[in-house]
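K.L.:
Below, each chain spelled out in residue letters.
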Amino acid sequence: MRVNGEPQELLVRPHRTLLEVLREDLGLTGTKHGCELGECGACTVLIDGKPQLSCLTLPAQVVGREVTTIEGVADGGTLHALQESFGALNAAQCGYCTPGMIVTAAALLEREPDPSLDQIRHALGGNMCRCTGYLKILEAVQLAAAQRVTAP
Amino acid sequence: MSGLAAGRGHGAVGRPAGRVDSHGQVTGRAVYADDLMLPRTVIAKLLRSPHAHARIIGIDTAAAAALPGVQAVLVGTDLPVKYGILPVSQDENALAIDKVRYVGEPVAAVAAVDPETADAALALIEVEYERLPDVTSIEAALDPTQPLIHGDDEGAGIGANVDREASLEFGDVDEGFALADHIQEDTFFFQGNTHAALEPHATVASLGDDGRLTVWSSTQVPHYLHRILAKVLEIPAGQIRVIATAVGGGFGGKTDIFSHEIVAARLALTTGRPVKITLTREDVFYAHRGRHPVLMWVRTGFTADGRITAMSFRSYLDGGAYGSYGAASLLYTGQLQTTTYSIPRYRFQGVRVFTNKPPCGPKRGHGTPQPRFAIEVHLDKAAAALGIDPVTLRRRNLVKPFSHTVNHLRVTSCGLAECLDAVVAASSFADKHTLLPAGRGIGLAVGAYLSGAGFPIYFNDMPQSEVMLKVDRGGGVTVFSMAADCGQGSTTMLATVVAEVLGLEPADLAVVTADTDLTPIDLGSYSSRVTFMAGNAALEAAQRLLEEILEAVAAELGVDPDLLSAEDGSIIVDDNPDKGVTWAEAVQLAMARSGALVTSGSYKTPQGLAGRYRGAGVGPTPAYSYTACVAEVTCDPDTGFVTVDQVWMAHDIGKALNPLLSIGQIEGSVHMALGEVLMEEQAFLRNGLHRGPSLLEYKIPTILEMPPVQSIIIETEDPEGPFGAKEVGQGALLPVIPAVVNAVHDALGIRVDEIPLRPDTVVTALADLAKGGSGRVGPTSLPDHEFPPLFRVEPPADSPGAAS
Amino acid sequence: MMRLPKLAVSSPATVEEAAGLLAELGDRAVVLSGGTDLIPNLKRHQLTVETVVLLGRIDDLDGIRREGDTVHIGARTTLREVVDSDLVPPVVARAAGLVASPTIQNQGTIGGNLCVDTRCFWLNVPDLWRQAAEPCLKAAGDTCWVAPAKQHCWAVSSSDLAPVLVALGAAVTLVGAGGARTMPLAELYVDDGIDYLAKSPDEIITSVAIPIDDGLRATYLKLRRRGSVDFPILGVAAAIRGDEAGICTEANIILGAVASAPLRAAEAEEALLGQPLGADSIAAAAEAARKLARPLYNTDLTSRYRKRMVPVFVKRALEELIAPPVLA
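If you read the protein sequences in the order shown, they are chains A, B and C. Here the first sequence stands for residues 1 to 152, where the numbers follow this note's numbering. Here the second sequence stands for residues 1001 to 1804, where the numbers follow this note's numbering. Here the third sequence stands for residues 2001 to 2328, where the numbers follow this note's numbering.
Heads up, a few of these hints could be off.
What the hints assert, rightly or not - Mimicking DSSO-like on lysine-lysine, the simulated pairs with C-alpha atoms at most 27 Å apart in a straight line are:
1) C:Lys2307 - B:Lys1771
2) B:Lys1470 - B:Lys1381
3) B:Lys1604 - B:Lys1231
4) C:Lys2150 - C:Lys2199
5) B:Lys1771 - C:Lys2291
6) B:Lys1381 - B:Lys1432
Claimed, not checked - Computed, partial: chain C to chain A, Cβ under 8 Å:
7) Ala2008
8) Val2009
9) Leu2021
10) Leu2025
11) Gly2035
12) Ile2039
13) Thr2103
14) Ile2104
15) Asn2106
16) Gln2107
17) Thr2182
18) Met2183
19) Leu2292
To be verified - Cβ pair distances, simulated, as ranges:
20) B:Glu1128 - C:Gly2178: 29 to 37 Å
21) A:Gly5 - C:Arg2057: 23 to 31 Å
22) A:Glu110 - B:Leu1782: 19 to 27 Å
23) A:Asp114 - C:Ile2194: 46 to 54 Å
24) B:Ala1384 - A:Asp48: 53 to 61 Å
25) C:Asp2243 - B:Arg1691: 45 to 53 Å
These are computed hints drawn from the structure, not numbers from a lab. We put the beta carbon where it would ideally sit given N, CA and C, even for glycine.
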């Protein structure tokens, strides 16, 4: 598989989840876990650009596919517009849901560069946040969309 | 002190800005406890009790210990020292010794080379139990024929399964009822619920290269963890270093000391290797320490024009299996009623019982959301009975700023009236209440909360918070504080306060937090104490630093220090902006003049905050925050679903040091409160089985349930708060719950006197109403319990009780 | 940390190979498609298997195509692809969009949703909890804790798509070691919480065929606490046909999440057939459905409440279907 653009050849026990492989074998601890049962969205990563739950994914299911984690969202040292807007608007409080939120929102913006409030709400319906009440997250996605639309 | 003036307006304070530590959060670089991957780490797991109540006859760990890959096995007798967060409740062992008291209580632990081996080892531990009948309700716990959860020999419990009791009277309550034209009496039940922070608790422990024990933990209270580790491990505190890692949400759920923290530390000593324990989500529901289920009875006398003549309040708390913070929780259910309303005579009787369920403790609002729900719904009912609208009834009874309450609580700045006016105006409450179409409704409530508990958990005369500043030769300033940022933004608050004084940008400061080796004391991130206490300590440290620097610059420039100001990274001479030095130059001048540039500040609550009675230590604070909330709802009368359309929240927080973060706390509080009022419950089936220890069954509102919130910040500039600031973040939860319940009454005519207000509850109440009933759902009786004799306390002279 | 038990993972290249493997391994193997249902169940040790058989390498299980008046959906097609498809009847896309959360929809497949394990709060809990309760009938114990008097498992059929596709008269194709067969989807389900699928363990669903019938108006309503994440605690799929006079000529009312299989509300259908589609017949159908449904207390909210909601949801579904089209 490729992770954040880098090819990875790994030999792992087949019953490890992608979550465990990312965190423990590849050191990509930005991907979090809140339930390990597919209920909270904290472990969301992009698989071929689509948000999926790494706690429910076996390594064999991602053979030859592209996995993107929060560590792969920025362009080198330049943060993604969502990373900037989440920081600027305090859309991350404890920060624990943030990696999953940002990759999910990043996939939305790829599909729908100028999403409506309703589209954002539905896209993030599987990502729980316990701190923010979600309102600043909604604003941050809107802000990032606006900045990307107007960016040269 | 030289001429510097705090709050002179350098621009850091009061400016909406992102967190200074957001980079780690948005990039995934922030290191939470489970993210620590130390070489040679062994994984530890806890074996938990499958029984709610049983005697441990024997534990056989031989097979587990013999399993290849297992490094160590622990049982209760390996950690025999009892502990508890409160000095009065030393009733826990890290691993159960003689008895288990709830399903999920840890009884043994293993450390192994990987999680799979640890799991396999747990399965090999044989525990022989003798089942005991379990006690799982308040009524059963007060029944003297039921088995004792804590034997007398263990020092906990007063009789039957009573943990603590309170029985207090301030002024002559019976006389007050005699003066009343209307007496309102109601019974309420608030179901327990839990924090459900998204990060499950985790701890890593290891011996450092100096041979000392280092413990990294997801905790809000590194200092208390430090103390209890020293006690239970029986090693000097100086041999232990506690570091609170990034905390993935706390809400009070990480303010107690947990089995896994002590076990990880013990296993690190035993194995000589780094040890990690990460709880599963199920474990977190058992660790709990969340909102107590509380049964409440309240009786209030009113004059015909709606003035309160007396209030009598009783609470029955279901504490779960251990004391935890429960002695404080009990008093919190009784103490703060008087901080919003001018109550001239007040009686409070409460009891906390032990049950065979996970221990309850502090959750956002600690002990006060339950009575706040009760009295705010109770007041609405009284308003209806008196023919007075709910806003007017409240206005007639608001507490006065700079006064004392009848139970000896000191009120300072108080913007409650402003809060009430603000939400009533913003929501057009008067145009909507009782006037919206069927199925739609609007409700109102108010609240008050502490800016930090007035007293430390263990009695002492030392400061509750200290902050240290260190400056490097390049001008960089590092702030050292033990306050743990669990998402609330305390790190940003510290940087903002210091930057404001020094004329710097918050983002340019380094902040080192929550490390017992590096940072001076802060008692912890609980009771909304950090802004007030650590903020004041930071302010003092910054002022002292600035004083040193200004004196050096003054000497260099030959001007009076009083003429100097720190602004925008420079020290400038007032009225002569061309003359001055950069901050970095000023720092070097000061170092050359007086050596190391290190200052400190500290904060201790003022003397005389509490009255003289047993229990008086719970409730006082240097300043109360105030809130008022309006909620508008749409109810589906067929399905009972309640949709919250909009919430208006006004919060007197003294001063918004960073309005963006303040609003974040308000919006987060609204979210948590909506979960509590509409869906969340830590409920149990037979045998003390949790109804659903998962984020699927425990219903946290998703983004689709969250309504718009209009946050209105009221700034009363508290005379003792840093730059006038008080707390934000807990107070805002309180009024949301009763506001929604009152709104549902307005919409449907039903009275739901129990929380959560689930769709099935609404349908049941509506069916009752349709049959000609009262449309009320709620508790109908109180347990048979005789409270201790009332302890009578004279009200203070400047309290509403003095005039009566 | 919640780890999967040790498992072998097999990735056969053809359905036949997969079926052969399943036949050989018997109850020691299980099919994993999207994994969103199976992985949590495995982590909670609800079932014990040695091998999971992945369908990922098999080529011809993906995709949606229309042939004549039938839409064929490959079993491994994700719910997201169903949601986004223009080829499937709107009610199918709607139901797929109501499954769990959008993230789960990216991962979960239509075949998986049709086979989703029956659920019960005495079952879908980690080991310690089940041990504390003493394992229930479906967890290889002796007693069903929902209704201890009977030796029957009442775990709840929790698929959103099953009621809809049964209402539309869909068919499924299964391939087993003994070959392929196609049968009405309705016949796949058995009202038994343990043996809830009428297929042999080696049989794999390969595709679903949905008849396209513009005259049949259909909808699906789902009851759940939150707007996302939650399984249905009641689902009502209704598909009806009316003639020009407004008389009902065909009615399919299928209740989800009130039994261990999608439940056809035959009496409710009879209350509509031959009747003018209007308030009276709808009320009669709603009442008939209420009588039929016997939810138990084994999922969210009380059984009494869920039963009360059956007529409410049936009525709302039918009212939606007879509402005059809004003119643009």
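K.L.:
Evaluate each hint against the coordinates.
P.N.:
Here is how each hint holds up against the structure:
1. This hinted pair checks out: Lys2307 of chain C and Lys1771 of chain B have alpha carbons roughly 19 Å apart, not beyond 27 Å.
2. For the proposed pair Lys1470 of chain B and Lys1381 of chain B, the alpha carbon gap of about 57 Å is over 27 Å, so the pair is violated.
3. Straight-line distance between C-alpha atoms of Lys1604 of chain B and Lys1231 of chain B comes to about 25 Å, which keeps the hinted pair within the 27 Å bound.
4. For the suggested pair Lys2150 of chain C and Lys2199 of chain C, the alpha carbons sit about 25 Å apart, so the restraint of at most 27 Å is met.
5. Straight-line distance between C-alpha atoms of Lys1771 of chain B and Lys2291 of chain C comes to about 21 Å, which keeps the hinted pair within the 27 Å bound.
6. Restraint check: the Cα-Cα separation between Lys1381 of chain B and Lys1432 of chain B comes to about 18 Å, which is no more than 27 Å; the hinted pair holds.
7. Nearest Cβ of chain A to the Cβ of Ala2008 of chain C: about 6 Å, under the 8 Å cut. The hint holds.
8. Checking Val2009 of chain C against chain A: minimum C-beta separation of about 4 Å stays under 8 Å; hint holds.
9. At a threshold of 8 Å, the smallest CB-CB gap from Leu2021 of chain C to chain A is about 14 Å, leaving the interface hint violated.
10. About 15 Å separates the beta-carbon of Leu2025 of chain C from the nearest beta-carbon of chain A, more than 8 Å, and the hint is not met.
11. Below 8 Å, beta-carbon pairs count as interface contacts, and Gly2035 of chain C has one with chain A at about 5 Å; its hint therefore holds.
12. Interface restraint check: Ile2039 of chain C against chain A, minimum CB-CB distance 4 Å, threshold 8 Å, status holds.
13. With its C-beta approaching chain A no nearer than about 4 Å, Thr2103 of chain C sits inside the 8 Å limit, and its interface hint holds.
14. The interface hint given for Ile2104 of chain C holds, since its Cβ lies 6 Å from the closest Cβ of chain A, which is under the 8 Å cut-off.
15. Annotation: Asn2106 of chain C was flagged as interfacial toward chain A, and the flag holds, the nearest CB pair being 5 Å apart, inside 8 Å.
16. Contact between Gln2107 of chain C and chain A, as hinted, is supported at the beta carbon level, the nearest pair being about 5 Å apart and thus within 8 Å.
17. For Thr2182 of chain C, the shortest C-beta to C-beta distance to chain A is roughly 28 Å, which exceeds 8 Å, and the interface hint is violated.
18. With 8 Å as the threshold, the beta carbon of Met2183 of chain C stays out of range of chain A, its nearest partner Cβ sitting at about 29 Å, so the hint is violated.
19. Restraint check, Leu2292 of chain C versus chain A: the minimum CB separation of about 32 Å is more than 8 Å; hint violated.
20. Checking the proposed 29 to 37 Å range against Glu1128 of chain B and Gly2178 of chain C shows it is violated: the Cβ atoms sit about 50 Å from each other.
21. Judged by the Cβ atoms, the range 23 to 31 Å given for Gly5 of chain A and Arg2057 of chain C holds: they are separated by roughly 25 Å.
22. Against the hinted window of 19 to 27 Å, the Cβ-Cβ separation of Glu110 of chain A and Leu1782 of chain B comes to about 59 Å, which falls outside the hint.
23. For Asp114 of chain A and Ile2194 of chain C, the hinted distance range of 46 to 54 Å is satisfied, since their beta carbons lie about 50 Å from each other.
24. In this structure the hint that Ala1384 of chain B and Asp48 of chain A lie 53 to 61 Å apart at CB holds, the actual value being about 59 Å.
25. The supplied range of 45 to 53 Å is met by Asp2243 of chain C and Arg1691 of chain B, whose beta-carbon atoms lie about 49 Å from each other.
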